[in-house]
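With the hints as extra help, turn the sequences into a complete structure.
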Amino acid sequence: MLDINCPHIWSSATLYDKSAREKREQIFQKFLQNEKISDEDILDFHHQKTDDLENGITIKRQNTIQTISTTQLVISDEMTLKHYDRLNPDSKPEKISLKNETQTSPS
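Going by the working numbering, the sequence shown opens with residue 1, and the numbers climb by one from there.
Hint data in this document are derived by calculation from the structure and do not stem from the laboratory. Heads up, some of the hints might be wrong.
As the list claims (entries may be wrong) - Straight-line Cα separation of at most 20 Å, DMTMM-like style, residue types lysine to aspartate or glutamate; simulated pairs:
| # | residue 1 | residue 2 |
| --- | --- | --- |
| 1 | Lys-82 | Asp-41 |
| 2 | Lys-95 | Asp-77 |
| 3 | Lys-92 | Asp-39 |
| 4 | Lys-60 | Asp-3 |
| 5 | Lys-36 | Glu-22 |
Here it is in structure tokens:
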């Protein structure tokens with residue numbers, strides 16, 4: 001079971017071999033060394049480009065497997081779902097405010 005109080009990165013076992021998953025974990029741990037991490041920083045992390053298009057955070061493999069979108073759920077006083085279409089560079093991020101059902105209502 002993962003500790004909910006610690007950040008984690010998930011890398012699909014069907015997309016990445018053990019070596020690639022470990023490399024992605026190293027990239028993530030380096031990112032976590034930043035003192036303050038905002039939701040925008042996390043989004044930038046997912047959009048970073050590296051020389052490794054096969055196994056980087058953003059992928060574009062020769063067999064047509066590629067990162068096509070990023071979806072981010074920001075939970076604070078309110079919940080916001082942000083969706084980014086990465087196939088269309090001119091598209092604007094789509095934001096949807098969601099009702100936070102975990103908040104208790106006054107009795």
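Right, here's what the structure says about each hint:
no.: 1; hint: Lys-82 x Asp-41; in the structure: holds (14 Å)
no.: 2; hint: Lys-95 x Asp-77; in the structure: holds (16 Å)
no.: 3; hint: Lys-92 x Asp-39; in the structure: holds (17 Å)
no.: 4; hint: Lys-60 x Asp-3; in the structure: violated (31 Å)
no.: 5; hint: Lys-36 x Glu-22; in the structure: violated (24 Å)
The structure fails to meet hints 4 and 5 from the earlier list, while all remaining hints are met.
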